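Protein chains in written order, with our numbering: chain F, 1 to 158; chain P, 1001 to 1427.
These are computed hints drawn from the structure, not numbers from a lab.
Computed from a predicted model, the values in this text were never measured in an experiment.
A couple of the hints might just be wrong.
Stated by the list, open to error - Derived BS3-like pairs (lysine-lysine); straight-line CA-CA distance at most 25 Å:
id, chain 1, residue 1, chain 2, residue 2
1, P, LYS1014, F, LYS17
2, P, LYS1014, F, LYS137
3, P, LYS1014, F, LYS10
4, P, LYS1136, F, LYS16
5, F, LYS101, F, LYS10
6, P, LYS1143, F, LYS16
7, P, LYS1149, F, LYS20
8, P, LYS1028, P, LYS1136
To be verified - From chain P, some residues computed to sit far from chain F (all C-beta separations above 10 Å):
id, residue
9, GLY1166
10, MET1230
11, GLY1251
Built from N, CA and C at the ideal position, the CB exists for glycine as well.
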Amino acid sequence: MILSNDTKSKIGEYAKKYPKVKSAILPALHYAYEEQGYLDDSMYEEIAQVLGVKFIEVAEAASFYTMFPKQKRGKYYIQVCRNISCALLGSHHLTQYLLQKLGTKLGETTKDHLFTVVEVECLGSCCSAPMMQVNDKYYENLTLAKVDQLIDEWRAAK
Amino acid sequence: MQKHVLFENINDPKLHNIDRAIELGAYKAWEKVLKSIKREELVQMVKDSGLRGRGGAGFPTGLKWSFVPVASPKPKYLCCNADESEPGTCKDRVLMECDPHSVIEGVMIAAFAIDCHTSFFYVRGEYDLSMRRIEKAIDEAYKKGYLGKNILGTGYDLEMILHRGGGAYICGEETALLSSLEGEKGLSRIKPPFPAVSGLYACPTVVNNVETLANLPRIVINGGQWYASMGTEKSKGTRIFSVSGHVKKPGNYELELGTPLRTLIYDYAGGILDDKKLKCVIPGGSSVPVLMPDQLDTPLDFESVQAAGSMLGSGAVIVMNEDTCMVWVAEILAHFYMHESCGKCTPCRQGTGWLYEIIHRIEHGQGRAQDLDTLLDLAKNIEGNTICALGDAAATPVISTIKQFRNEYEYHIEHKKCLVKSDFRLR
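Generate coordinates for the entire structure from the input sequences, incorporating the hints supplied.
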C-alpha cells in the first residue's frame, strides 16, 4: 500500500460528485500526485481499486497528460515557459542561465535533489513574460537579479 | 476604446471574497434569472446582446444554447471551458483569479438557459491560483445558497463540480474537453453529433468559455440591447486583449470591439519596446496568420480582422520587433503544435512533427532548396484534414510566415544562418 488512507478517502469522496465514476480518474491522479510527487503502476492500481475502474483506464489517462510524471523530480521543479511571448523576452537565455548556475542539464535533477529544470509550453502568463512555474507557483517578469535571489533563497531553505 | 464591463472592479483586491463581491453586485443577476426571467426570455436576451464566444471561434452564444433539445428526457450539462492555453492568451486567468464570482455566476445563468442541473468547471491543471480561487468561490456560493438544492427557495437545483485538467492544450477544444471530463484521454471527437445534441456522457451539453460566461451577469442586469450598443455591427460588446511580446506595457486591456490595432498597441500597450521598429503582429493567439505594419489600422472585430487575412481568435495580440527572426518564431510554434497534437488524426500526428523537423533544420543551417515547397505541401495536407482545429492551427503559422517572410526562409537555406538574429536576453 502506497497511497495513504486519507488520500484514498478523498478520492472516494470526490468520485461521488460525478454522474459516472470514471470521470474521477483525473482528480484521483491529482490527489495521488500531490501526496507522492510522482506516480507509478502500483499507484495506478490502487486508484483503480478505489474507483472500481480498470488499471489500464487509469494508466491511459495518466500517460496522456504532462502533469503526472513517473519519476520523482527535484524539490524545486523549475518549468521555464519556452513559448513565443516568453521567447521574445529572453526565455531561452533564462533556461541557459539556470542550467549554468545550477550546473545541470535540461530534464535532469541536481545531485542534491533540489532542482530539476525543464522547458514547458505556454503557461498563460504572456503579459508578465518571461516567467517560470516552480512547483505550483508562478514567478513572473523575471530578471537575472530576481532569478539569483530566488535560487539563493531556495538553497538556503534546502 | 477602453470600456470596463468585465474589468469594472478588477483592481479591488478583495473581489474574490463572496461578501465583497456581493457588495459590488454579484449574484443579483442570478437572483433575477431565478425569480423573474423565463428560460426562453433569457436565451432571447443573450441572442439580442449579440454576445459571441470568447474562446476563439466567436460562435453566437445564444444560438449555441438554442441547439440544446431542452425537452429531452436526458440530463443537460453545462461546462465552463477554463482550459486557457492558446499561446499569448492570459485573460481567463485574470478573471478567475480576481473575479471568480462573476465567472461562476455566469455558469449558473448559462446552466439555467439550457435547463441544466449539473454543471462542470474545467480549469487548466497548471492554473493553481485560478483553481483555488474558483474552488473557494464555489464553496462560498454553496454556503450562501446560490448553488445546491432549491436555490433561493425557487425550486431550482444546480450542482457545480470543479474538474482540474492534467496539462494538455487539446483539452481546450470542446470535444476533447468532454473526453477528458469523462476520464478518457483528451482526444477530440468527430462532429456531428455536436455536443449540444450528444456531448458529455452522450447527453446534450454546452461548453462556454470563461470570458463569455463572465459577461452574462452584466447582460442580465443591463439587458441585451445595452450590450449590443457596444462594439460594431456584428461584433458586439467588449473583449479582453492580452498584449504580449515587444511592447512597453504588456497587459490585459478590455476594449470595445472594433478598436483599431494601432490604438491597442500604441495608446494602451505603450508602443514598441525600446522604440524599435514593428515587424509584425499575431492578433488572435498563435494559431492565426500574422498582420503586417501596414495593417495597423485594422479594427479589432471578428469581421475586420478576417478581412485583413487573419482571425481575432482568442484576442491574444503578440507583438514582434524588427530583431525577430521569423523562422525562429515558426520553429517555436511548430514545436508547440507537435507537442500538443493529441495523436488521433494521422495528418496532424505525423504532420506536426514533420513541420517541426523541417523548420528546425532550416533554422539550424541544414535547410534544403526544396524545403519550402515541402513545408507548404505538408501544411496544405494537414489543413482541413483533421477532426479538430489543431491541425489547421499548426499549418497556419507555417503558411503565414512563408507568405510574408519568404526571403528570411530563403536566406536561411542559402546562407545557413539568420537574416536577423533573435538573441533576446533577460534584463
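Consistency of the hints with the structure:
1. A hinted pair counts as satisfied when its Cα atoms are at most 25 Å apart, and LYS1014(P) with LYS17(F) does not qualify at roughly 29 Å.
2. For a cut-off of 25 Å, the pair hint linking LYS1014(P) to LYS137(F) stands: about 20 Å separates their Cα positions.
3. A threshold of 25 Å between alpha carbons decides the hint, and for LYS1014(P) with LYS10(F) the separation of about 30 Å lies outside it, so the pair is violated.
4. Between LYS1136(P) and LYS16(F), the direct Cα distance comes to roughly 19 Å. Compliance with the 25 Å bound is thereby established for this hinted pair.
5. With a CA separation close to 40 Å, the supplied pair LYS101(F) and LYS10(F) exceeds the 25 Å bound.
6. Of the supplied pair hints, the one linking LYS1143(P) and LYS16(F) holds, its CA atoms being roughly 19 Å apart against a limit of 25 Å.
7. For the proposed pair LYS1149(P) and LYS20(F), the alpha carbon gap of about 20 Å is at most 25 Å, so the pair holds.
8. For the proposed pair LYS1028(P) and LYS1136(P), the alpha carbon gap of about 19 Å is at most 25 Å, so the pair holds.
9. A cut-off of 10 Å between C-beta atoms contradicts the statement that GLY1166(P) is not in contact with chain F; the least separation is 3 Å.
10. Remark: the non-interface label on MET1230(P) is consistent with the geometry, its nearest Cβ contact in chain F lying 23 Å away (cut-off 10 Å).
11. At roughly 5 Å, the least C-beta separation between GLY1251(P) and chain F is not larger than 10 Å, which violates its mark as non-interface.
Consistency note: the structure conflicts with the earlier hints numbered 1, 3, 5, 9, 11.
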